[in-house]
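What follows is the residue order along each chain.
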Amino acid sequence: MPEAYIRSFGLIRPGRHYDKSLYDLAWDALNMLDVKVEPDLLIVSNVFSECLSGQADIATRLASELGFSGRPTIRVETGETSGLSALELAYKLVSSGAYEDILVLGVEKLNEYVSQRIYKELSKLYHSDYESFIGVSHAALPALAMKEYMARYGVDRKTMASWPVLMHSNASGNKFAALRFPVNEDAVVSANKVSTPLTLLDTFPLVDGAAAILISSKPNGSYAKITATAHTTGGFAYTHRKDPLIIDSLRQAYEILLASEAEGDRIEYVELTDTFTISAYLILETLGFSAPGEAPLDVKEGKYSPDGELPVNAGGGLKARGHPIGATGVYMAAESAGILSGTLDLNGVSSSNALLVGVSGLGSNSVILKLKEV
Amino acid sequence: MPEAYIRSFGLIRPGRHYDKSLYDLAWDALNMLDVKVEPDLLIVSNVFSECLSGQADIATRLASELGFSGRPTIRVETGETSGLSALELAYKLVSSGAYEDILVLGVEKLNEYVSQRIYKELSKLYHSDYESFIGVSHAALPALAMKEYMARYGVDRKTMASWPVLMHSNASGNKFAALRFPVNEDAVVSANKVSTPLTLLDTFPLVDGAAAILISSKPNGSYAKITATAHTTGGFAYTHRKDPLIIDSLRQAYEILLASEAEGDRIEYVELTDTFTISAYLILETLGFSAPGEAPLDVKEGKYSPDGELPVNAGGGLKARGHPIGATGVYMAAESAGILSGTLDLNGVSSSNALLVGVSGLGSNSVILKLKEV
Amino acid sequence: MSMEYSVPIYWRNRHIYYKLLASRCKKCGATFHPPAKSCPYCGSTETELVKLPEKGKLLHYTVLYNVPEGYRLQAPLIIGTIEVDGTRIVAQITDVEPEEVKEGMDVEAVLRRVREDRDTGLIHYAIKFRPVLGSKID
Amino acid sequence: MSMEYSVPIYWRNRHIYYKLLASRCKKCGATFHPPAKSCPYCGSTETELVKLPEKGKLLHYTVLYNVPEGYRLQAPLIIGTIEVDGTRIVAQITDVEPEEVKEGMDVEAVLRRVREDRDTGLIHYAIKFRPVLGSKID
Ligand SMILES: [Zn+2]
Ligand SMILES: [Zn+2]
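Protein chains in written order, with the working numbering: chain A, 1 to 374; chain B, 1 to 374; chain C, 1 to 138; chain D, 1 to 138.
No lab work stands behind these hints, which were simulated from the structure alone. Yeah, the Cβ is synthetic: ideal placement off N, Cα and C, and Gly gets one too. A hint or two may mislead.
[What the hints assert, rightly or not] Per label pair, the in silico range of CB-to-CB distance:
| id | chain 1 | residue 1 | chain 2 | residue 2 | range |
| --- | --- | --- | --- | --- | --- |
| 1 | D | Asp117 | A | Ala291 | 49 to 55 Å |
| 2 | D | Asp117 | B | Leu200 | 26 to 32 Å |
| 3 | B | Asp19 | D | Lys37 | 19 to 25 Å |
Modelling step: build the complete structure from the supplied sequences, incorporating the hints.
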């Protein structure tokens, strides 16, 4: 059976690219690939093009803009895990022999309207008939989970700030990060209130971004290989989950992934979707890397730092590298492939494997990919 | 290598279902399946849920609403061919052995706003930065192609009306059709002007719809099997194609499909995306079933009627069965599986194979599936 | 900016917006809000609508400043998790200033304006929760 | 109903809306409109912007009644296929009544209002084509 390799990758620095269209961003990312790209299939990961760019069938439009006319293309969307879902699909199609070379292109152009409008779009990731309708933005439910977390485990607001402090520190060493300035705990706590106790520095920046990965059955010259994946869904509404502090869909996905592996090597590096500060803690605890209620202190004490026991988000994560929604999973895989191949220096981290962990919303779906060095 | 069977299908009558949500429609279609559905993967085909239902990650939301929480799901979108793309993907994944049972669910809920708003959404299927911006609706470009067709081949407006006359006649015999009333040529010509010379009866009705198909590697009790597919892209803008009357992407897809088949059996039945009257003629001529300029007369003379040489759209097509955008391809496959298995009577048509032909816009992408009886 | 909201969607959801309805799963017994045809815990499609009592307890709340388009006039919003007879609900907290809200306070359901559609003039209502009189000073 | 349109998108596309620009493929020689970085015919990414002459011939036209949201004030719209120096363009035909439009007539590019954004007060312009004086009665 063929294997699925990350043959090449390209990414642009996420940011507010008012002067670039969605197609320009994709073009820039594609042109960073170090091979001639002649994909059998183009998979586009994007969430908001219909509403924010006014374009449906964005995959075909992109094929046309990028010179791939003639070739087949599909758009894949699963909310905030879209990029990882697209990569999982490419993995399934290449490792089963259905295709040999698949280009996965994650692209999102958020900054076509004012922030208020983007918040409205982001709220569509939650339950539209109830949660979005009653005025819940993308930040209110994470804020409620944060409150519950702090109360249940007795963690103070300043300790909760450990995560953004680490992410900003990591991003300072990543030339592809949107926010490359350090922050301290006080700055996080006293930043603009978004949804109390959650501040602006607990959330991701609203960025545009594009990243491209060529998945191939041919090992020559590749940067990493995908060895296993798992994908699950959970209750869609916040109150459709037993305990807001445990991500059931993620726990299930991780069990499936572990069960699928013949040899269970120790995880050496993790990329996870820290959409909000609380998201990072819940993911680390659901996966069992930290005990319940202890993730913030573990972060503060350096367990997940680049030189720690288990480096996480060495490039700054969604928090500071940025979270261009449909493109994010492709960024996660690209940065990890850079680490695994030693071709991208993210604060000196090196590793022989990587776990990519994606959660949409606060657990509506979860996607995990395991990468290994080649 | 496994094969990919249509194990079961369900569909609801397309229409303006103001009393049903997108989830209700999917529920109703799913409950028509004659097997217990426990899919390894749910593929959702939908185009407009973010903009018209305010819900992103519609696949996960549907998994939750339909009792599939836990199982993986992705949304696939390629404009008007979305349903066929989803089925092609299921075919690739099942026939390569990646999954055994995939549920493909096509669903579209257009009627949540007034028609003007729906026209705006439909215009997003065209080039948003130029065509949609200058005011081109979904009907204006087909109208220009129709004018060019009539001028080049000297076909009069009344003869052009042959297609909708046939489709309305076919739909009268399809319990799943939205418009089950006959029309004559004069009615078509004198109907409300949409974009001259194109009238309301040259276009599809704005309907909601849902259809479900279970694709399985297990032949037992199946209704048909998918034996080949092809998928291509073309110029995205109307003026990015050499000749508006030849669909390059479709011609290329058909050549690929024919080349992939060991035995080239004669096509006995065709389902095609007659989004507008002109679309049907261009598809029939691009595929070589009619000579250039002769499709309208061939239709009129009965070549494509249920008792003709090559029955096409025996259930009334997009024109009269209805065109619930993201669900349409799944309807096409479901109706064809009904014909191939002899379980759905569509005007007495019987056949041992079927060609499903999808074109988005006027040729931005094309998807073809070949089905055979089992 | 537009505040348009689909009339049919609002109409179909009116029972959820106007009444405190939840779903009860006949298989695993879970009660959950907002109601749905399938149980999010066990996947069973055997569920029934149940009416919840209109009084509950505020578990947690947040004061939301970055509201989405269409909700600016009412900002900041107070959003809370409320436990009603063992079932958790997320809803707006109303008739109270942010600084007066206390976790653990008794709250009761009331119908309030959620948003106005500037274009159509339509006003949308939904259930919010307000402190039960006397509970504020607990 | 909302007529909002993205300001950055309009700004980035202004050259396409204000000038008659096309792309020429350096590989296969095709010239096409609207301009794009890749050639829709041969897939080459070696293209260059070229300015087209402002006069052309109307090939075909349609009178569009079912306009999308945001264009109602100007309905019906006349949309035509125009050939300019061998390159086909789709554009609005302006300064003429529908019944006066003739296929084959000479037309010239002019800048006209395409839409107004009620919410922001912004007016969007783009090139339309009008009959060349004297050409109408050909
Ligand atoms: Zn249950
Ligand atoms: Zn060329």
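Cross-check of the supplied hints:
no., hint, verdict
1, D:Asp117 <-> A:Ala291: 49 to 55 Å, "54 Å, holds"
2, D:Asp117 <-> B:Leu200: 26 to 32 Å, "29 Å, holds"
3, B:Asp19 <-> D:Lys37: 19 to 25 Å, "47 Å, violated"
Consistency with the previously given hints fails for number 3 only.
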